[in-house]
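Note that the protein sequences, when read in sequence, are chains L and S. Convert by adding 21 to the 1-based position in the first sequence; the result is the number in the numbering used here. Convert by adding 83 to the 1-based position in the second sequence; the result is the number in the numbering used here.
Check the hints yourself; a few may be wrong.
[What the hints assert, rightly or not] Just some of the chain S residues that point at chain L, by a computed CB distance under 7 angstroms:
#: 1; residue: Ile86
#: 2; residue: Leu105
#: 3; residue: Ile107
#: 4; residue: Ala131
#: 5; residue: Thr137
#: 6; residue: Thr177
[Claimed, not checked] To spell it out: a stretch of chain S is covered by chain L in this simulated footprint if at least three of its residues, at any positions, have a beta carbon under 8 angstroms from a beta carbon of chain L; those stretches are:
#: 7; stretch: 92-103
#: 8; stretch: 140-154
#: 9; stretch: 157-169
These are computed hints drawn from the structure, not numbers from a lab. From the three backbone atoms N, C-alpha and C, an ideal C-beta is built for every residue, glycine too.
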Amino acid sequence: MRSEDGGKPDAAVVRDALGVGVAVGLSGFAFGVTSAGSGLTLLQTCALSLLVFTGASQFALVGALAGGGNPFTAAAGAFFLGVRNAFYGLRLSQLLALPRAVRPFAAQWVIDETTAVALAQPTRRSVRIGFTVTGLTLYVLWNLTTLLGALGADAIGDTDAWGLDAAGPAVFLALLAPMIKTTMERVVAGLAVVLGLGLLPVLPAGVPVLVAALAAPAVLWAEGRRRARIGPDEDDDTVGEER
Amino acid sequence: MNIWIAIGLTAVGCYAVKLIGLLIPAGLLERPLVQRLAALLPVALLAALTAQQTFADGHVLVLDAKAAGLAAAGVALLLRAPFLLVVAAAVLVTAGVRAMTG
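I would like the entire structure built from these sequences, with the hints used as guidance.
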């Protein structure tokens, strides 16, 4: 079962991918409940999970609609949150090296979780297995549990009382943890948190996260300046990429 | 009808950005700076999302049971717990703190 190029065994990749796919897939339940509680119909709730399939955007959209936002601002906020998937796609297209004809089909699965699993893999074979298994499990389960959540929303009552609203951030934290190994990655994460929280009270929904994304180019730029100043020969610091 | 408009716009927009990422020519990505940026952007976005979903209620910053839940998730991660257990820890601790504090 070991892949031919000496990477990690296929079974281990599948196990990791299933772990993420199942855990996050089950959290579609929280979305179904939240969406139905925000006044969306069963069909609307399920359409979101089938067609949008990027959790943060879905939560943002139903939140904005419930708060009385007009459809265009609500969609804009959700869209801004979805823009990060373009950057994931940039990275994944290198790692997956998919034929062009397959890309439109793979695109719907380009989300936080599939990216995180794929990025953690050492070889192209395991990247592809990780992406596909995570994408398939997550898509099927997310849609099934969305349906169940929407159907059961009335029976559950207050989802917050069950702590279900903590599932989202815990998922993001678990995805983030393996990505922050170097000083530079930690600085980027820290700056993004400050920007994301600091701008939240003053900017429209969805925009602070996009501004927080600027932490990445900002830190890269500052690092470039620092290296230029001290000169490349004296710089034996290990800040930077490990992958 | 308004809700369907919002759903349609979001679905088209979100699919389009996913596809754009995959379709951008590889040549553009061979530059080291672009590669490092593409690796660091998810870090920034996930960090900001984690913080917002934990400490934000609309446009207001709050400190509630979710913070305790997230701390529990952090401890579970440090102990190298599996993914599902990390999420379960956050949910259970959050629900527990809410049950105790009313």
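These are the hints, each one checked on the structure:
no.: 1; hint: Ile86; result: holds, 6 angstroms
no.: 2; hint: Leu105; result: holds, 4 angstroms
no.: 3; hint: Ile107; result: holds, 6 angstroms
no.: 4; hint: Ala131; result: holds, 3 angstroms
no.: 5; hint: Thr137; result: holds, 4 angstroms
no.: 6; hint: Thr177; result: holds, 3 angstroms
no.: 7; hint: 92-103; result: holds (count 10)
no.: 8; hint: 140-154; result: holds (count 8)
no.: 9; hint: 157-169; result: holds (count 6)
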